[in-house]
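**Student:** Below, each chain spelled out in residue letters.
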Amino acid sequence: MAAYITHPALSSLCKINCNINAIYSLISFSRRISISSVLSTSAVTTESEAAGQGVRGQRRSKRQAGEPRTERMTVDQDWTAVYPTAASFKPSTVPLPVRMGYPVKRGVPPAKKGNLELIKIPNFLHLTPVAIKKHCEALKQFCTEWPSALDSDEKCMKHFPIQVQSKEFVSAGLSLKNPDARIVTLKVKLSSLNLDDHARKKMIKLGEERYCKDTDTLTITTDSCPLRQQNYDYAMYLLTVLYHESWKTEAWEQEKTRADMEEYEWEDSPSQKNVLDTLLRMRPLGAKDEVEELLGQPAVQEYRDTMLRLKNEGETEENLHKYKEAVKKLFNI
Amino acid sequence: MATSLVRQTKLLSIVSSQLNPAACFRNIHCTAACLKNRAARIREGKGDKSVTYEQAYHPHHIGHRKGWLSQHTSNLQGEDGAAERVVEDVFIRRFMYGTFHGCLADEVVIKRRGNLLVICAVMIQKLLPSKFYFLIGYTEELLSHFYKCPVKIEMQTVEEKVVYKYL
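Here the protein sequences come in this chain order: X and H. To convert, note that position 300 of the first sequence is 300 in full-length UniProt numbering; the numbers rise steadily by one, no gaps. To convert, note that position 103 of the second sequence is 103 in full-length UniProt numbering; the numbers rise steadily by one, no gaps.
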């Protein structure tokens with residue numbers, strides 16, 4: 001800027017001549033004119049400048065940087081114009097006197113100019129409430145209202161019983177794609193499907209480990225196809241096939257043995273035979289009773305209930321206690 | 001302590017030579033190995049060496065008094081590509097050091113936002129602004145073609161290096 005100060009006449013010339021109102025072009029004009037030594041006054045000063053910077057070996061004049069943008073900022077400016085997108089911290093653009101860093105002994109944290117620590121950290125200067133409001137306004141035109149009829153979770157589950165889950169991955173790298181994003185998980189409650197007893201049991205058997213008994217949910221996870229759309233189609237196809245197959249009854253299903261049963265059934269079980277045996281022996285000689293009558297007795301029914309509970313639910317204090325009571329009633333103790 | 005050790009070594013060497021007269025002399029090392037850390041450290045000098053904040057604090061201060069120069073998600077659990085990011089970082093730092101030779105005031109900070117590569121640099125006002133603009137464009141173009149991802153340079157300039165203290 002030294003050239004500018006010592007040549008006021010030149011500078012006015014430059015202002016008339018140059019179209020661009022930049023300091024750089026002004027200086028380049030004045031420099032060129034001074035170096036070509038058109039005017040006698042310029043020649044003397046050029047030499048002194050050159051001598052002063054002879055150490056550098058360059059004939060460039062040291063220009064001064066303009067004032068930072070913070071000096072010209074008003075209090076009510078539009079901040080979204082200063083930081084429209086995510087950007088690193090620029091000290092000449094942020095009008096706050098921020099300091100960051102560990103202070104030297106008996107000193108203060110370093111100032112914001114040239115402070116690498118402030119550049120290193122991520123900042124949210126582009127996410128002020130005003131900026132977020134603007135984002136929302138811009139996005140509103142692409143949004144629709146939530147349907148008013150679906151105001152509770154139960155209604156959502158009733159109308160949309162199948163839940164499909166897939167994950168999106170965000171990471172920093174050369175590629176934005178993640179191979180795990182193709183995995184699709186389909187969850188459905190069997191109670192929401194139209195299944196009868198046989199179909200339900202067959203479906204659970206076909207599902208094997210995909211069925212959770214506690215929540216009554218069938219979970220199908222597909223990841224064999226390369227695209228998420230393909231995996232979703234495959235999962236829906238599997239569900240459809242399972243449903244239709246479980247309604248069909250094959251010929252070989254008649255050969256279902258006691259070992260294949262999911263639940264314990266008291267009818268035709270060794271326990272029933274034993275009870276019948278015991279009751280028949282308890283009868284006085286000569287009396288003939290029908291098997292159905294014997295089995296129809298309330299004590300026997302109670303015994304049947306407790307046996308079912310023990311076998312199906314497991315042995316708990318309560319179940320064992322009820323079993324004891326039933327046996328006592330059976331033997332009229 | 002030192003003299004007794006020296007005497008011990010002399011004794012040992014005498015003993016070993018007597019036991020094996022044809023063998024050459026082999027002495028043992030009896031001084032302690034210099035186990036000092038020398039990584040990224042500027043040793044304290046006379047008080048005329050100016051250092052920046054980055055140079056003044058040693059690597060064990062990272063996370064306590066210094067931040068990280070390069071940030072990406074590959075170091076998180078279950079993420080991959082950490083080694084590739086490190087190699088990219090090393091190349092970018094060397095490239096910046098060479099392209100803007102003598103102009104860098106401090107280390108280059110590399111940020112990754114999705115697949116956008118942001119290089120933040122603080123420069124000394126050594127070159128003309130037009131030259132800086134050309135070099136920025138050249139770097140962005142070359143690196144984006146090289147890495148097949150958008151590259152942005154966010155540059156700041158200072159008149160001279162920001163001195164933190166003198167060592």
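Bear in mind the hints are in silico, worked out from the structure with no lab data behind them. Heads up, some of the hints might be wrong.
Restraint-style ranges between C-beta atoms, simulated for each label pair [unchecked claim]: (1) Glu84/H with Asp223/X: 16 to 26 Å; (2) Ala83/H with Trp252/X: 54 to 64 Å; (3) Phe124/X with Cys30/H: 13 to 23 Å; (4) Arg43/H with Cys136/X: 49 to 59 Å; (5) Ala83/H with Ser152/X: 47 to 57 Å; (6) Ala83/H with Thr215/X: 38 to 48 Å.
The calculated lysine to aspartate or glutamate pairs, modelled on EDC-like cross-linking and capped at a C-alpha distance of 16 Å, are [said to hold, decoys possible]: (7) Lys112/X with Glu159/H; (8) Lys66/H with Glu154/X; (9) Lys329/X with Asp305/X; (10) Lys167/X with Glu79/H; (11) Lys113/X with Glu154/H; (12) Lys187/X with Asp216/X; (13) Lys161/H with Glu117/X; (14) Lys167/X with Glu209/X; (15) Lys177/X with Glu159/H; (16) Lys113/X with Glu141/H; (17) Lys152/H with Glu141/H; (18) Lys177/X with Glu79/H.
Here a beta-carbon is modelled for each residue, glycine too, at the ideal position from N, C-alpha and C.
**Student:** For every hint, state whether the structure bears it out.
**Tutor:** Each hint tested on the structure:
no.: 1; hint: Glu84/H with Asp223/X: 16 to 26 Å; result: holds, 25 Å
no.: 2; hint: Ala83/H with Trp252/X: 54 to 64 Å; result: holds, 56 Å
no.: 3; hint: Phe124/X with Cys30/H: 13 to 23 Å; result: violated, 60 Å
no.: 4; hint: Arg43/H with Cys136/X: 49 to 59 Å; result: holds, 55 Å
no.: 5; hint: Ala83/H with Ser152/X: 47 to 57 Å; result: holds, 50 Å
no.: 6; hint: Ala83/H with Thr215/X: 38 to 48 Å; result: holds, 42 Å
no.: 7; hint: Lys112/X with Glu159/H; result: holds, 14 Å
no.: 8; hint: Lys66/H with Glu154/X; result: violated, 52 Å
no.: 9; hint: Lys329/X with Asp305/X; result: holds, 13 Å
no.: 10; hint: Lys167/X with Glu79/H; result: holds, 14 Å
no.: 11; hint: Lys113/X with Glu154/H; result: holds, 15 Å
no.: 12; hint: Lys187/X with Asp216/X; result: holds, 10 Å
no.: 13; hint: Lys161/H with Glu117/X; result: holds, 15 Å
no.: 14; hint: Lys167/X with Glu209/X; result: violated, 22 Å
no.: 15; hint: Lys177/X with Glu159/H; result: violated, 43 Å
no.: 16; hint: Lys113/X with Glu141/H; result: violated, 28 Å
no.: 17; hint: Lys152/H with Glu141/H; result: holds, 9 Å
no.: 18; hint: Lys177/X with Glu79/H; result: holds, 12 Å
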